[in-house]
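In order, the protein sequences belong to chains P and X. Take -6 as the starting number for the first sequence in this note's numbering and just add one per residue. Take 1262 as the starting number for the second sequence in this note's numbering and just add one per residue.
One or more of the hints may lead you astray.
[Unchecked claim] If you anchor each label on the Cβ, the simulated ranges turn out as follows:
hint, chain 1, residue 1, chain 2, residue 2, range
1, X, 1345, P, 12, 23 to 33 Å
2, X, 1358, P, 15, 42 to 52 Å
3, P, 44, X, 1301, 51 to 61 Å
4, P, 84, X, 1311, 52 to 62 Å
5, X, 1431, P, 66, 23 to 33 Å
[To be verified] Straight-line Cα separation of at most 27 Å, DSSO-like style, residue types lysine-lysine; simulated pairs:
hint, chain 1, residue 1, chain 2, residue 2
6, P, 65, X, 1344
7, P, 70, X, 1329
8, P, 30, P, 62
[As the list claims (entries may be wrong)] Over the 10 Å line for every Cβ pair with chain X, so calculated as not near, a few chain P residues:
hint, residue
9, 13
10, 16
11, 18
12, 24
13, 25
14, 29
15, 31
16, 33
17, 42
18, 59
19, 71
20, 79
21, 101
22, 102
Keep in mind the hints are simulated off the structure, nothing from the lab. For glycine and all other residues, C-beta sits at the position ideal for the given N, C-alpha and C.
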Amino acid sequence: MKPDKANEISQNSVDKIDKLIHEPSRFLIMANLYVLKSADFLFLINQTGMTQGNLSSHLSKLENAGYIKIEKEFVGKRPHTILSITKEGRASFQEYRIKMKSFLDSIPE
Amino acid sequence: MIQNSDLTQIERNAYRKFFQDGIWDILLGLMVIGAGYAPLISELGIERPWNILIAFIPSFAVLIFGKKYVTIPRLGLVKFGPKRRADRKKLIIVSSVFIFTTIILVILTKAELLPFGWSTTAGDITGPVVISLLLIGLPLSIVAYFIDFNRLYLYAVVISLTWPSTEILYYYYSSPLDEIIVFGIAGGIPLIIGLTFLVKFMIKYPLSTDKTAI
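Extracted from the complex, chain X is given alone in its bound form:
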């Protein structure tokens, strides 16, 4: 009566509910915006990487408190089956490969062994575009595939464009204004989408007034 595809759809429907709250979108948006104003924090005397970590505090606070006080009280608790756990392990392996690749790229850059540079010259943004796609776009797309979070594909494209955009904008605005503008716009997109999802989620799943279960 019920096909395997129907059971898969039930499981997917349950899994995707946890992305309906928009909190992951808000987290990503705030992280990107934070990356933009992190240079301002370093002007207060806080050097890297602490300025970036401080800039990321609001995003992680939203994730932790959002899930605890907004999502779980409205949606409930669930543990997924072996397939999702297996996907998570694959994701860890793939993420490790990308981190390793990034380290290799940094080393090759320092040794000036790459055929293109990290910065633009004479309007050529080939280097930043290629490296952004490799280090940001591709990993985010793979994460999107493994965690079955389709909006992340869009965010992968948007966030990949930040670095080349700052390189172009640098010729018109000095640093850190170029970064604030670009990262602000790039982070604003998932932030606004996330907030929209969050409001809809809170309307769709009101808080239960009954404190007990059965």
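In isolation and in its complexed conformation, chain P is listed as follows:
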């Protein structure tokens, strides 16, 4: 394959990748919520190793994009923030996986 053609293909593929999910921390959040039905804030901190502020920031971005749902409830007297992936988020994450695989497969050896 000619180098210019390869660059064109890879550039086109990269442009189509969801950059919101592509960010490593948000990717980790989405991957966890993709495989779990729901998790609370504390659980995600333990799973991802992020600080509270960092995780909050990323969760807000994902919520604004409609990828996750954030619900606040009380369990006993303790507040809990329950997070789950939305249908749109699940579809976007699946699409991201397919596009990334396609992009990586298109890179010549």
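Fit chain X to the given chain P structure using the hints.
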């Protein structure tokens, strides 16, 4: 970018965190120890099955209060996906089959239709070994498979050996001392392992001082 196997690993990693607290090990250890000293409770005038239920109270207390006050405040809350729920349903079905099998075995024993006995004679512990493996070892191993709790395989072997061991020890120590010794050792193994896991868990996941979430 992320393979199905990686996603499976993420899910498994999340699931196995809930066994890192050692509370299930402690529960099992206390139950086995409780089964050993249950005869002592019956000497206080409390007959079966109440003596066994009373002996099991500490183990269930550890489970309920341990999860509520130790695990969840440190680890958080999570609900797993359809695969785990499906495994749980399969476990219920398999457990029901084993309970049914146990009932059949008891009936066959009462009718003296089994080719071996429940007690030893002349040092032959074939009956207790076979029945222990069928009624204790195999069910526990299957539970271990379905709930993905690998330490339970070890405990299945240890607990399966309790009954044959009491049969042997009975010739040296009278009841209930033989049961107390055997069940004490068998229960002590998961108990010590569980306590070790619990201490490590509490160090690894300290309590959050922040009372709010976001």
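A quick look at each hint next to the structure:
no.	hint	in the structure
1	X:1345 <-> P:12: 23 to 33 Å	32 Å, holds
2	X:1358 <-> P:15: 42 to 52 Å	48 Å, holds
3	P:44 <-> X:1301: 51 to 61 Å	52 Å, holds
4	P:84 <-> X:1311: 52 to 62 Å	55 Å, holds
5	X:1431 <-> P:66: 23 to 33 Å	55 Å, violated
6	P:65 <-> X:1344	26 Å, holds
7	P:70 <-> X:1329	13 Å, holds
8	P:30 <-> P:62	12 Å, holds
9	13	15 Å, holds
10	16	13 Å, holds
11	18	14 Å, holds
12	24	6 Å, violated
13	25	6 Å, violated
14	29	6 Å, violated
15	31	5 Å, violated
16	33	4 Å, violated
17	42	12 Å, holds
18	59	17 Å, holds
19	71	7 Å, violated
20	79	15 Å, holds
21	101	18 Å, holds
22	102	18 Å, holds
Hints 5, 12, 13, 14, 15, 16, 19 from the list above are not met by this structure, while the remaining hints are.
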